[in-house]
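Each chain is listed here by its residues.
Number of protein chains: 2
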Amino acid sequence: MDGGCVLCNDHDQQVLWRDELCRVIWVNDPDYPGFCRVILNRHVAEMTDLPAQERDWLMEVVFAVEHEVRDTLNPDKINLASLGNMVPHVHWHVIPRWRNDRHFPGSIWSAPQNDNPQLPVTADMIERLKQRLQQLAP
Amino acid sequence: MDGGCVLCNDHDQQVLWRDELCRVIWVNDPDYPGFCRVILNRHVAEMTDLPAQERDWLMEVVFAVEHEVRDTLNPDKINLASLGNMVPHVHWHVIPRWRNDRHFPGSIWSAPQNDNPQLPVTADMIERLKQRLQQLAP
Chain A
3 MDGGCVLCND
13 HDQQVLWRDE
23 LCRVIWVNDP
33 DYPGFCRVIL
43 NRHVAEMTDL
53 PAQERDWLME
63 VVFAVEHEVR
73 DTLNPDKINL
83 ASLGNMVPHV
93 HWHVIPRWRN
103 DRHFPGSIWS
113 APQNDNPQLP
123 VTADMIERLK
133 QRLQQLAP
Chain U
3 MDGGCVLCND
13 HDQQVLWRDE
23 LCRVIWVNDP
33 DYPGFCRVIL
43 NRHVAEMTDL
53 PAQERDWLME
63 VVFAVEHEVR
73 DTLNPDKINL
83 ASLGNMVPHV
93 HWHVIPRWRN
103 DRHFPGSIWS
113 APQNDNPQLP
123 VTADMIERLK
133 QRLQQLAP
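First to last, the protein sequences are chains A and U. Sequence positions in the first sequence follow my numbering and run 3 to 140. Sequence positions in the second sequence follow my numbering and run 3 to 140.
Just so you know, the hints here were simulated from the structure itself, not pulled from any lab data. C-beta: ideal position from N, C-alpha, C; glycine also. Don't take every hint at face value.
[Stated by the list, open to error] EDC-like cross-link-like pairs, simulated, lysine to aspartate or glutamate; straight-line CA separation at most 16 Å:
hint : chain 1 : residue 1 : chain 2 : residue 2
1    : A       : 79        : A       : 33
2    : A       : 79        : U       : 48
3    : A       : 132       : A       : 73
4    : U       : 79        : U       : 33
5    : A       : 79        : U       : 51
6    : U       : 132       : U       : 31
7    : U       : 79        : A       : 51
8    : U       : 79        : A       : 48
9    : U       : 132       : U       : 73
10   : A       : 132       : A       : 31
[What the hints assert, rightly or not] Just some of the chain A residues that point at chain U, by a computed CB distance under 7 Å:
hint : residue
11   : 69
12   : 79
13   : 80
14   : 81
15   : 82
16   : 88
17   : 106
18   : 107
19   : 109
[Stated by the list, open to error] Using C-beta positions, here's what the derived DEER-type ranges look like:
hint : chain 1 : residue 1 : chain 2 : residue 2 : range
20   : A       : 12        : U       : 128       : 36 to 46 Å
21   : A       : 125       : U       : 127       : 44 to 54 Å
22   : U       : 54        : A       : 53        : 15 to 25 Å
23   : U       : 88        : A       : 45        : 26 to 36 Å
24   : U       : 7         : A       : 58        : 20 to 30 Å
25   : U       : 4         : A       : 3         : 42 to 52 Å
26   : U       : 116       : A       : 22        : 38 to 48 Å
27   : U       : 5         : A       : 16        : 41 to 51 Å
Next up, chain A with everything else stripped away, as it sits in the complex (with noise of 0.2 Å):
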């Protein structure tokens, strides 16, 4: 634990899965229906500063993640990031792309290209997802 890592706890987190490793976390981006979070639980930086084991199974759950995204709310495509340059504690971001979102064919983290995107996305599909990253079986 780093007493001032924000991802240290899951304060503010809407938590939908968690094991002893990593929780998964739903991001609630109005831009990004479906956007969620997988949280390694304890502070490390790197992705290889991680045993070979665990780090398999941190992306067991990341793809598991991807996968229950694909399935619910079939995306044009899906972005996966593991970032950490302004928070040094690995998460990775499990991200559903439309070619009509608001930064397609951009990264999120780019220039917005689309100011009113419609997504084809309802509240069913994303109450489906939600129970089904809740009973995630990675």
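Got chain A sorted already, so can you dock chain U onto it with the hints?
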């Protein structure tokens, strides 16, 4: 193979290592010395389109590259990303980051923060990294 896909062949790519599944290329970005990509050889859009065994091996290669980049260049952070919005063919960016680089703490796709980064990377370090990547043993 997809005839219209720029990642389906290695034209104009500086390939440092390859096996049956993937290759490691040198990006040669003047702002990001040591920036590499791990590119799947065949045309597949998403990580979860791959069989688990291939997905695992691809990540082993990504983490082996991360290890060599960290060990030779000692960056402040590593960024890993699989986006593919422009080219939906699985490829991983492995990007060494420094606190005074062109976009820190933003992503490399964000607005620039520093017009004249002076990074602590020598030609010898780059040469050593290239040699080690050519002998990669994931």
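* To do: May I ask you to test the interface hint for residue 69/A with respect to chain U, counting a Cβ-Cβ separation under 7 Å as satisfied?
  => Hint holds; residue 69/A Cβ to chain U Cβ min 5 Å, cut 7 Å.
* To do: Note whether the CB distance of residue 12/A and residue 128/U lies within 36 to 46 Å or breaks it.
  => 41 Å, holds
* **Given hint residue 33/A paired with residue 79/A - CA-CA distance at most 16 Å** => Distance ~15 Å between residue 79/A and residue 33/A Cα, so the pair holds.
* To do: Compare the distance between the alpha carbons of residue 132/A and residue 73/A with 16 Å, and conclude whether the hinted pair is satisfied.
  => 12 Å, holds
* Is residue 132/U within 16 Å of residue 73/U, Cα to Cα? -> 12 Å, holds
* Between residue 132/U and residue 31/U, does the CA-CA distance stay at or below 16 Å? -> Measuring from Cα to Cα gives roughly 14 Å; hence the hint holds.
* 16 Å Cα cutoff - pair residue 79/U, residue 51/A -> 12 Å, holds
* Identify whether the interface hint at residue 109/A stands, where standing means a beta carbon of chain U within less than 7 Å of its own. => With a minimum Cβ separation of about 4 Å from chain U (threshold 7 Å), the hint on residue 109/A holds.
* Do the alpha carbons of residue 79/A and residue 51/U lie within 16 Å of each other, as the hint requires? -> Holds, at roughly 12 Å.
* Does the Cβ pair residue 116/U, residue 22/A satisfy 38 to 48 Å? -> Check passed, 40 Å falls within 38 to 48 Å.
* Asked: Is the shortest C-beta separation between residue 81/A and chain U less than 7 Å?
  -> 5 Å, holds
* residue 7/U paired with residue 58/A, Cβ distance criterion 20 to 30 Å -> 29 Å, holds
The structure fails none of the hints (numbered hints given earlier).
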